[in-house]
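Based on the hints, put chain B in the right spot on chain A.
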Amino acid sequence: MPVPHKPATVKSKLGSNVHIQSKAPVTKGVKANGKKKDDEDGMDTGEGEEWMQGKTLVKPPDQLELTEAELKEEITRILTANNPHAPQNIVRYSFKESCYKPISSVDQLAVHFVLEGNLLYKDSNEARRQMAKQGLTEEKPAEAVLSEMDEENPETPQVTGQVDGEEGTVEGEDGGGEERPDSVDIKAGNKELKLTNQFNYSERASQTLNNPPRERGCQTEPPPRANFSATANQWEIYDIYMEEIQRQEKSKEKQKVQISKKEEDKGKKKMIVAENLSDDISKVAKVSKIIERMVNQNTFDDIAQDFKYFEDASDEFREQEGTLLPLWKFQYDKAKCLSVTAICWNQTYKDLFVVGLGSYDFTKQGHGMLLLYSLKNPTYPEFTFTTTSGIMCVDIHEHLSYLVAVGCYDGCVAVYNLKEEGQEPVYKSTAITGMHTNPVWQVKWQKDDLDNNHNFFSVSSDGRVVSWTLVKNELVFTDIINLSVESAVPDGKGEMSRIACGTSFDFHKQIDFLFLVGTEDGKIHKCSKSYSSQFLETYEAHNMAVEAVRWNHFHPNVFISCSSDWTVKIWDHTIKPPMFIFDLNAAVEHVTWSPHSSTVFAAVTADRKVHVFDLGINKSEALCQQTVVAKKKTKLSHIEFNPVHPIIIVGDDRGCVTSLKLSPNLRKKPKEKKGQEMPKGPEVEIAKMEKLLSLLREPGSNQQN
Amino acid sequence: MAKVEETLKRIQSQKGVQGIIIVNAEGIPIKSTLDNSSTVQYAAHIQQLLMKARSMVREVDPQNDLTFLRVRSKKNEIMIAPDKDYFLIVIQNPTE
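In the order they appear, the protein sequences are chains A and B. Going by the numbering used here, the letters in the first sequence line up with residues 1 to 705, in that order. Going by the numbering used here, the letters in the second sequence line up with residues 1 to 96, in that order.
Since the hints were derived computationally from the structure, they do not count as laboratory data. In this text, a Cβ means the ideal position worked out from N, Cα and C, and glycines have one as well. Hints are not guaranteed to be accurate.
Pairs of lysine to aspartate or glutamate residues, derived as EDC-like cross-links and limited to a Cα-Cα distance of at most 16 Å, are as follows [said to hold, decoys possible]: (1) K286(A) with E6(B); (2) K283(A) with E26(B); (3) K283(A) with E5(B).
Some chain A residues near chain B, calculated using beta-carbon distances under 10 Å [to be verified]: (4) N233; (5) E236; (6) V284; (7) N296; (8) N298; (9) D301; (10) T379; (11) F535.
Cβ pair distances, simulated, as ranges [claimed, not checked]: (12) Q347(A) with T33(B): 33 to 43 Å; (13) Q248(A) with T95(B): 46 to 56 Å; (14) D35(B) with E474(A): 50 to 60 Å; (15) T574(A) with S13(B): 26 to 36 Å; (16) T33(B) with S314(A): 42 to 52 Å; (17) R667(A) with D35(B): 44 to 54 Å; (18) S620(A) with V60(B): 53 to 63 Å; (19) E474(A) with T33(B): 43 to 53 Å; (20) Y241(A) with H45(B): 31 to 41 Å; (21) K350(A) with N64(B): 55 to 65 Å.
Okay, chain A solo, but in the shape it has when bound:
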């Protein structure tokens, strides 16, 4: 927008004069001359003359040379508003008349300077719209606008419309400030849709400082990784459940007993640590046992097969006779010098039996041994215990098969606990606690007494039958009976009581308090636990010491006895004289009933023979008389039937135990009559025996001498 010039100030003119003179370009020089003259004409150039005083007139070399007359010539110059550069005759093609036509008026506007501004006249439409858009808060921007205008003021000469406003604001900004909000309010009230003017719309943007981006990273250690793989089977799941249950149970137990266990735990911890350090081999103990048995099974394969399956077929051809098939032989190195004094089968584990070793010889008394063998491992005993004095008798508790009671030659009784490790018995009787003074010949476990204490009986040559009770850690004894015998002194002075030496006893299977005692004199006394001084009855059984006395397993009245006087006698305890008498031609060391049949029994004699009888088949003769040991000098000392299998084990005086299998003839059951069902069970056995006895009783009472 061309700004109309005010008449220039003197200074500027002078400035221009000076400039002109110094530079003097050609075109400008013409104009300059023109101007110069104008100036001289119009204005006071006093100051200019001062410049020129004292100075010669400087003429440019190419100045026009003019005569005086020409110099004085007046040239009129007219100042018009015509643009000298504007063309004077513009011709335009008119399409309407299809010819060129001169334009009448030519634009005489010469634009010297254009500056696009950002300012808006505040009352113009656009400004109003802008203010409305900016809204109510814009007091300050309004003031900024004002301040801008103030700045503009000295620069721009005359803005007619704005002067008043500016002056107004300069005088009292407060008033202006007040005006402003009013106007703003008004504009705020007229909020219109702002139409953006695409020509006069400017966006304002500003760029903030961009922080230089930086990447920061850090690496941690990777978490430790391990490969894990597992299989999930039914049994693995089952195992884990079982472990869980056990853990819970343990935690429950721990909650109950905590204090006392702390000390135990300390001890155990040491143990555990030591175990880890020690050789790993000890953990293989259980497995090595199994393997040993397997190897033995292989080695003695044929015997194992015989044991299980062999039935002597030739028994069919032998009418009544049976045979004994030798199976395993149980021997232990260290026991070779000892003789087997007692054998007992374990009721719970039917393949386990205990052997007591000692010596019958009065002069040669040494140590004793307690061995437990299993049929599954004939080469080596499962348990071994050494004792100072020879063992004379053993008995395994019926229910708690880890308790073994032994009676020794020196008169003491002891109880071993197989569960505990160690060579020492858990209980032992001493002289203070009522030990026998003579060898103990028999021990027998009894049922638990009223206080649930285990107890057992023992009989010895000192004539006492003693009951031992296991009370906590002690063995408490009670004399049950003293076997005293009154005998007439030859010179008739009086009766002298003599102690009878008990050699064997047996308790009735059904009647608890009834028991039999055999003595060295050959008498058998029937006694009761409740009567301590008197015998219920006395049987004049044998001429020599009674080696063994046994109740029948089935029939409640019958018992058997054997003695070194070569005889075996069978009795009915209600009848004084014996029912059966068998002469075996040699001292009978031991006799025992079969647990399967009420009429079968076996006896061993000093001439290495085993005699097996079945009264149901043959009342007078043995079904089998067999030598079982090879060496002539060995004596058989003990015999026992296995509760389950058809085997007998025989102990001899060389520390060796031989097992034999009974052939079918020896274990005959009564023949089943066709069409009739035979009842099985103890009643049958009892009936069988009863039948035999009844046959004997009527004629027997006549026959007996």
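Just chain B now, kept in the frame of chain A:
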């Protein structure tokens, strides 16, 4: 520990026994009476067989467990008794 040693000696002295190998849970033989190469071979193969056998028994009835395994061949019999952490192998020629 001494008892176990005794038992192993007894086994070794039995008729026809050719060798005993004790293998731990990882399949590494810790004791053996055979030469090294045979031991390693036996241990590796038998461990696999044992796992299979045990898995079979337990799969059929989870409350059941393998007690022992006998492998009878023309020349000898291999007896394997597994335990929780170890297993024992005995090679015997029973017909001698």
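Looking back at the numbered hints, which does the structure fail to meet, lowest number first? Violated hints (numbers, rising): 11, 15 and 21; every other hint is consistent with the structure.
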